[in-house]
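Here the structure of chain A is known, so what remains is to put chain B in place on it, guided by the hints.
Here the protein sequences line up with chains A and B, keeping their order.
Going by our numbering, the first residue of the first sequence is number 473, and it counts up by one from there.
Going by our numbering, the first residue of the second sequence is number 473, and it counts up by one from there.
Take the hints with a grain of salt, since some may be wrong.
Which bits of chain B does chain A cover? Going by a derived footprint, with three or more residues having C-beta under 8 angstroms, they are [stated by the list, open to error]:
1. 484-495
2. 547-557
3. 737-747
Among chain A residues calculated to face chain B with C-beta under 10 angstroms, some are [said to hold, decoys possible]:
4. V479
5. V491
6. L529
7. G535
8. V603
9. L618
10. A637
11. A638
12. S684
13. A781
14. L783
No wet-lab data here; the hints were simulated from the structure.
Beta carbons are placed, not taken as given, at the ideal position from N, Cα and C, and that holds for glycine.
Protein chains: 2
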Amino acid sequence: MTQLLDVDGMTRWIRTEGVERILLRMVGCLEEDFRRWEQFERIPRIASHSPGGVIELMPTTDGHDYSFKYVNGHPGNPARGLQTVTAFGVLADVGTGYPVFVSEMTLLTALRTAATSALAARVLARPDAEVLALIGAGSQAEFQALAFRAVLGIEELRVLDLDPAAVTKLRANLAPLGFRIHVARSVDDVVDGADVVTTCTADKSRARVLCSEQVAPGVHLNAIGGDCPGKTELDPRILERARVVVEHTAQTRIEGELQQMPPDFPVTELWQVLTGAAPGRTREDEVTLFDSVGFAIADFSALRCARDATLGTDLVHPIGLVAEPEDPKDLFSLVHAPVPVR
Amino acid sequence: MTQLLDVDGMTRWIRTEGVERILLRMVGCLEEDFRRWEQFERIPRIASHSPGGVIELMPTTDGHDYSFKYVNGHPGNPARGLQTVTAFGVLADVGTGYPVFVSEMTLLTALRTAATSALAARVLARPDAEVLALIGAGSQAEFQALAFRAVLGIEELRVLDLDPAAVTKLRANLAPLGFRIHVARSVDDVVDGADVVTTCTADKSRARVLCSEQVAPGVHLNAIGGDCPGKTELDPRILERARVVVEHTAQTRIEGELQQMPPDFPVTELWQVLTGAAPGRTREDEVTLFDSVGFAIADFSALRCARDATLGTDLVHPIGLVAEPEDPKDLFSLVHAPVPVR
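In isolation and in its complexed conformation, chain A is listed as follows (with noise of 0.2 angstroms):
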């Protein structure tokens, strides 16, 4: 039977072995997966666009499980009380073609865009970065900040947030977990001597967020709330100065910050970079930038990771998505009502 792991269980699991420990399985998932890219059958996300948001469906395959993700983004939901970004996912036997394991992806979602953040960053930041600064203090803000300091050991944070809520939210989470946090007032104020800047904030419209004048030389940028049409937060002239990095280059050119950009823009995949096929930083005053969408891949590792810590203990049940009649082609059978006597 399907097994489901369901919120509860998520919860559990998380608050068991602990988020900074969970991103750093989840690194290691992501990392073997990015480097046999090319394994995976690369299918671009299936978007519906709406007025109040987008519902997206994100499918691939490594030829042995086949992953997709359901997930939506209402940047208008957190006024009522909702999530802006909710998921869900499947992981299915290519071979039968049976669906194995159901999964909540909000908080996986959380978890895995946090982890690739930190992966890009590992080969593409500065090796002696200390300083993260966080533009948009959301749902995706803690998970940053514990994943940076999993693999780059930054414990120090520059936050900014038009919603003050947020802030304080974030730093009640942040600071009783050992983060130094510094509240900024504006732009030219949080970027000030951070040496990764990530930009996450949830408008859906050509935003500027950052203006390249507020990019110092050798900053790592982790863009990642450029992530639909007509949804951007980078002064394009970041990108003609940085190297730009993404995950999936057809998909980034359509929904990333580099939709800005002419469509011969070059850029570097990430799984590229992570096989040493091609480099990360080459130079101490280099402006990287990680042009990240969020890739269906991402979701495929982070599904198997939360599958193989969790399948045959108490956190996941079986649920009854799959009918089995004894016979396979006797699928009547089941729905077969006793035949009243004549």
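Relative to the frame of chain A, chain B by itself:
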């Protein structure tokens, strides 16, 4: 919370309400949605092919509800005691992006495929049709028979399958329900005197289960087995003779019997016939063909039909698919373990 209609709930619903009554209910939903066809986003399904079969995602939306179906097709499955086709699906709220209703769809797809066939036959078969030939006696066969009885009043069946056990099963299931059943020994035998011929075989190849000489004038063909690239059931000369009706032209040209014809081969879409924009059967002796591959809008109809019939009853139960932190920007609060005393 998201509500789940699992196999147990689906089975109880169908047994309680009765297959034929649900088929009629579903024909109603399908007709409503096909009549407002142009309100739907028509996205071709996303297929992932492997040597053993195919896994597909089939999304659509009417701007209010969003639906997708996960479905596989693995012809080798029955030999391992597994279903050729299994499926599940989801309805979500376009306004918030939240998944609202998850349903098993192996049974539901069997119902919607049969209901769609009968709906198309209602406008394409001769009104005096009395005999249905079934080529292929697999999981879909009984549902076809019941749908044609519910909608067209047909009670006389002629059945052919390479697998004698499948035919025995079909007879055991349907004879007690009042059908008169002739077990045919050949294609010529099965089509002899048939007014409607349903082809529903599972081979993943270019098959010719029916050649043009075997199709009498006035017959309505309901071809549902040819439903992915490289998989067809009919002699192309049949298509040359027939009035061909499809669900969604762009998809059928890739996946249906139509893939054997030139790209400009003329077809009519079923919604056009149902709205009166195009005629149904025009002559007594016309050969009509519903080249059915299954389209996402029919799954949308089936899902909303099941949702409307089961929400608020004990047939469904809540599952924890969406994380719900008190503060929507504080997802981290869900996994934040208590800080140890220092």
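A quick look at each hint next to the structure:
Counting residues of the region 484-495 of chain B whose C-beta lies closer than 8 angstroms to any C-beta of chain A gives 4; at least three are required, and the coverage claim holds. Only residues whose beta carbon comes within less than 8 angstroms of a beta carbon in chain A count, and the region 547-557 of chain B has 7; three or more means the coverage holds. Against chain A, the region 737-747 of chain B contributes 0 residues with a C-beta closer than 8 angstroms to a partner C-beta. That does not satisfy the three-residue criterion, and the hint is violated. A least Cβ separation of about 4 angstroms between A/V479 and chain B falls short of the 10 angstroms threshold, and the interface hint therefore holds.
Annotation: A/V491 was flagged as interfacial toward chain B, and the flag holds, the nearest CB pair being 6 angstroms apart, inside 10 angstroms. The beta carbon of A/L529 comes within 5 angstroms of a beta carbon in chain B, closer than 10 angstroms, and the hint placing it at the interface holds. Hint on A/G535 holds. Least Cβ distance to chain B is approximately 7 angstroms, under the 10 angstroms limit. Below 10 angstroms, beta-carbon pairs count as interface contacts, and A/V603 has none with chain B, the closest being about 21 angstroms; its hint is therefore violated.
Given the 10 angstroms rule on beta carbons, the hint for A/L618 holds: about 9 angstroms separates it from the nearest Cβ of chain B. Residue-level restraint check for A/A637 holds (minimum Cβ-Cβ distance to chain B is 8 angstroms; threshold 10 angstroms). Given hint, A/A638 at the interface with chain B, holds; its Cβ is 5 angstroms from that chain's nearest Cβ, closer than 10 angstroms. Taking 10 angstroms as the C-beta contact cut-off toward chain B, the hint placing A/S684 at the interface is violated, the least distance being around 29 angstroms.
For A/A781, the interface hint is violated, the least distance from its beta-carbon to any beta-carbon of chain B being 14 angstroms, above 10 angstroms. Among the interface hints, the one on A/L783 is violated; its C-beta lies about 18 angstroms from the nearest C-beta in chain B, farther than the 10 angstroms criterion.
Of the numbered hints listed earlier, those contradicted by the structure are 3, 8, 12, 13 and 14.
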